[in-house]
Amino acid sequence: MVYRVAIDVGGTFTDFLLLDSESNRRIFKVPTSPSDPSQGIFNGLELMAKAKGLTIDNFLSNVDVIVHGTTITTNAVLTGNGARTGFVTTKGFRDVLNMRRGLKENQYETKQGPPPPLVPRYLIQTVKERVDCEGKELLSVDYDDVIKAVNVFTQEDVEAIGISFLFSFFNSLHEEQVKDILESKMPGVYVSCSSEILPQIRFYERSSTVVLNAYLGPILKRYLQNLLERLGSSNFQGTLLIMQSNGGVMSPEVAMRFAANTILSGPAVGPTAGLYYASTYALKNIITIDMGGTSFDACLIKDSKPNVTTEASINGHRLSLPVIDMHTIGAGGGSIAWIDSGGILKVGPQSAGADPGPACYDKGGEKPTVTDANLVLGYLDIDYFYAGGMKLNYKAAVEAIEGKIAHPLGMNVVDAAYGIYHIVNAKMAAELRVISVARGYDPREFAIIVAGGAGPLHAGMIARELEIPLIIVPKESSVFCAAGMLMSDLRHDYVKTYTSSFNYVNFEEINSLFKQMEKDAMETLKQERVPQDKIVLEYSADIRYEGQFNEVEVPIKTVAGQVDMDVLLETLRIFHDKHESLYGYSMPGAPAKIINLRLSARGVTKKPSFKPSTFKGEDPAGALKKYRQAFFGRQFIEVPVYNGLKMGYGNRLNGPAIIEEPTTTILVPPEYSLVCDHQDNYLIHPKDQKVEDLITALRRYS
Amino acid sequence: MAHIDPILFSVLDNRFSTICAEIGETMLRTSRSPIFSEARDFVSAIFDQRGRLIAQKDYIPVLSGAAPYALHAIIDHFKERIYEGDIYVLNDPYRGNNHPPDITVVKPVFYHGELVFWSMAKGHHIDVGGGGVGGYNPLATDAWTDALRIPPVKLYERGIKQQDVWDLILINVHIPFLVEGDLLCQIGAATIGERALQSLVKKYGIDLLNTVIDEIFDVYEKKMRLEIRKIPNGTYYAERKIDHDGIDTDRLVTIRLALTVDNEEIIFDYSATDSQVKGFLNSPYPNTVSSSNIALFSTIEQKIKINEGSTRPVTVIAPYGSLLNPQEPAPTTACTVCTCEAITEAGWFALAQAVPHLSQAGWNRWAAPASGGFNPRTGKFFSDIHFMSKGGGGATYGFDGWDHMGTVCTLGGLRAPDPELHELITPFRILNYEYIKDYAGPGQWRGGHGVHYKWQVLADNVAFAMFGSGVRDETVPFGLEGGSPAQKTRQYIIKANGERKWLDVNCFIQAEKGDIIEIFSSGGGGYGDPFARPPEKVLEDVKNELLSLESAKRDYGVVIDIDMNTLKINWPETEQMRKNQKQ
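Top line first, the protein sequences correspond to chains A and B.
With the first letter of the first sequence counted as 1, position 511 gets the number 511 in our numbering; the numbers rise by one all the way through.
With the first letter of the second sequence counted as 1, position 400 gets the number 400 in our numbering; the numbers rise by one all the way through.
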């Protein structure tokens, strides 16, 4: 038997999905070991080996592929525990990094400092050199300045250095010269050039990105080397792949050079997972939502293509590498409900986290949370939380809501609890509006795919608010991301700044820039042992109207990377359309300008399939556990509660109903019905519409 | 909230704010002028049927309080001639606008034939004609030499583009394609707001929405009253000056404020302020209200959003014919910067007497040019404002001022341009863009750092309109509670022959190829006694080369030794110095 393993290291749990060559799948979960995440990984691998009756060495020798999503770099940035990093930049521009373009987001808030710098000023060294805005050298690199920087960095025990000079995306020679000197004078130090990491216009954004890369490089390198060594000594001979923020995977060797590409490694796989489940029904328009303890991530996918943004930031620092355009708000099971000075009920963004957690966890938390409200409303079971692994304290939940919300607002506890439930749902629905309606997409043309422990309790109400007709809750919803990892392709993104009006483009230059990027892509994918026929290249350009300052990324529909007049005109047409739908207007006659050229290279991996279940009939009576009082339609009613482990292919039921899975609870609102599909996933849809009709209708919008 | 579902209330209150953010995001992403998209000099707002401000997103706060006045001017003007599919435009400061470059575009939102809401996108255009550069004419003496005047007119009527109006506006500006593009961007943004508001009406019905809106106003009024209650009753006086108005260049202009806190109400009374002036500093009443709002809303303990309700307990008195409520046709263009700064500072200075721990020290005042001309490299005309010179923010109790924040009229919402994009468009090469040592006002919490911004002009005949203030001793950023003021801003031009000339604010200069211009923008004012600043923090600034050893000793009483290339606090001498100061 040959195995594939996906490992998603999260803040609280490390999730595993094990798939064998007969397409059987199995979920494992172990606590994350924050000080050394590879320990948690090995705990999980041991568990899997044991389940298969093998020793770990035996088991690992049969593992073909491990795909790994890690939060190690995310945490390093969030906690300020990256490498001791230096920064080298053009003389006269020492503060470009820490100025952060002079922006304060919460303008009226006075009792607040700026985000702590990744590099303190004394570790930022400037070098006399200059390239002009056309890439011509004005001043050559001053060797003495570089040596002065070397001395400071050596004295201060710097482990990593980022280099970013003005206009290096047009001419990278100076950065390369300085890199050579630094590497020869300071062997073992991790050096990263902006022209390598992100050869793209905008000085602060490029500098911040290269500094993040340097700041994280040594951390990720150490971690991966250690992990590879441990896996190797346990007889693992397969391929390890690392999940990236752009939704693709890469080899550990590439990851070590492009460490900043892993900052959003975990959640970025959500859309890929969503697309897998959608593909069962040939759906191309979906919204994935993931609601855990503290946050709610949402991503809209149109025509099977998740949006990628280059405008992410982490802890106040700009990251301009392509990342999946994920919208995150502070709304989760642990979100705290509170009343502001005007008597307005609010939920979040503060979270009680896992410790002390919601009041009902009985770990000393006194503040009412969404989970407390869910318990009071009867949506959660006192005795069946984490498969009965944790007993919830109903009285504590009531007291917290009574004392902090119901009494001050003059409401009864149940109305207050329902208020909390409703407000957090409305908040999430508003977020979905931002990524759909506000961008010109109609949410009614999308299916929603639900992940995260808290997601299936709330998805129904969110969908109702937005009139989304179909909700898919995958059987693996609690290890959703791990499932997606097994479906990911190798992916590398390249960018070159090329600024030109459409009227004056030089096709030779465009094609030569694309050729250069293709060459880089092919080399990298070759290193990763991707066969030629599995390589897919996608071309695009960042375009804007003359005079604008923000671009729209537009696909260039070309075969073999050759751009000519016809291709360009088609690109321009798509640009006008996209501008219209995003921003409410377009100017078809107006001059437009190219700013960046992009290439996205994929190495298509072999996608595993999940084994279909056997038909269990429509009647779910065998799974009925009991009836419970739960709050629906402004009153408590008797609601059937089903055991998800006993439900299977073909089962149908009508809301209101509750289904309890070991790590999540699914709520079917009164107006909805549920059907269990051939892979044991749950499909929830309005009662008065047939699920088959809905799917046909949704397909039509694609 | 007896009669309204508190849950629905919360949901809608939140929804209105996100709609404003959606309008704002559209402007940010699609505008043509760097002032919109890079500097974010605009505001989005939504109003109810009766024209009351429900919510807004103010990237640049000085535009915010002015929005309702502009809408009322439009409603009053068109009265029965407001139709579905109309779009209005306005920039005249004597017809409800704050100052001419901030062009207001507003769209009435209809649902089944009934007017239900208003959606507004208002922002600073790079070019509004007139004799100025980038909208600024320091030599303007009336509203006609200031800029093109647009009274309330229709860009669209019943969905039909009023091409004559567009033609008339666009022939009167220097760079029509930028102005046209930004008007379209504003219309697109207002339309995004319209879509969202219509879907709300469809879902809830307008009657329910109106009831909730009334409630929102009452709740925010109550919140503001609670905050004002935390400020001790009394009348507090403050006086702040502006360097000059561009015409009478040796006369400082003075704003005098008597701020009265009376239980739950607050009155900004500017009756003792100077009369209106000849030059472009005059602040129409909406701008005076906006600037007072900045002072108040940034000082109250629990921050509250600005809407009809939260501004009810606030009264602003400015006599007609004074600097802060001028008579037509006095010029007004610089009011949103120079005059706003002095008004806001006066507010903070007065509030500091009542609630010193909540107020803040003075910020760097704006002083930099707008420039325009022909760029031979690109073969195009350009126009630009030199935002790179943003100086330091003021310190407050518990926190150092933020660096490179710039003028208070933005409260830090103004994003500095990208140096690379800047060089691609303009005929300028940046030579230096860094913090300046010893320029921040010392304090237990020091001011933010100012910036040395220096560039070379690579083309002939480039016009610069220098505007701003803070280059005189009387107008430096003030310190609070024992904190020191910051250094004043200095501006110079260096000619090809090496001659270096000091430059004043509010004047024109003409630069030739090869000339170098440099600005040393002030840091922010300090808060609290500098001798109480932890020596480790002083050492950190020295180590970061932002504070000299001399200033550490003189201003902070911290003696630092250099020992084998390492900086160390000399604790015995430091303690001695600090003890001596106390005695």
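Hints listed in this document are in silico derivations from the structure and should not be mistaken for laboratory results.
Note that this is a predicted model, so its numbers are computed, not measured.
Check before you lean on any hint, since a few could be wrong.
Unchecked claim - Below, simulated BS3-like cross-link-like pairs (lysine-lysine); rule was C-alpha separation at most 25 Å, straight line: (1) A:LYS616 / A:LYS593; (2) B:LYS305 / A:LYS404; (3) A:LYS646 / A:LYS52; (4) B:LYS222 / A:LYS111.
Unchecked claim - Listed next, with one range per pair, are the computed distances between beta-carbon atoms: (5) A:THR309 / B:ASN233: 47 to 53 Å; (6) A:GLU105 / B:LEU226: 34 to 40 Å; (7) B:GLN302 / A:ASP520: 50 to 56 Å.
To be verified - A few chain B residues facing chain A, derived, Cβ under 7 Å: (8) VAL11; (9) PHE217; (10) SER271; (11) LYS303; (12) ARG415; (13) ILE436.
Even for Gly, the Cβ is constructed at its ideal location relative to N, Cα and C.
Going through the hints against the structure:
no.	hint	in the structure
1	A:LYS616 / A:LYS593	violated, 59 Å
2	B:LYS305 / A:LYS404	holds, 24 Å
3	A:LYS646 / A:LYS52	holds, 23 Å
4	B:LYS222 / A:LYS111	holds, 23 Å
5	A:THR309 / B:ASN233: 47 to 53 Å	holds, 51 Å
6	A:GLU105 / B:LEU226: 34 to 40 Å	violated, 25 Å
7	B:GLN302 / A:ASP520: 50 to 56 Å	holds, 53 Å
8	VAL11	holds, 4 Å
9	PHE217	violated, 11 Å
10	SER271	violated, 28 Å
11	LYS303	holds, 5 Å
12	ARG415	holds, 5 Å
13	ILE436	violated, 10 Å
Of the hints listed earlier, those the structure fails to meet are numbers 1, 6, 9, 10, 13, in rising order.
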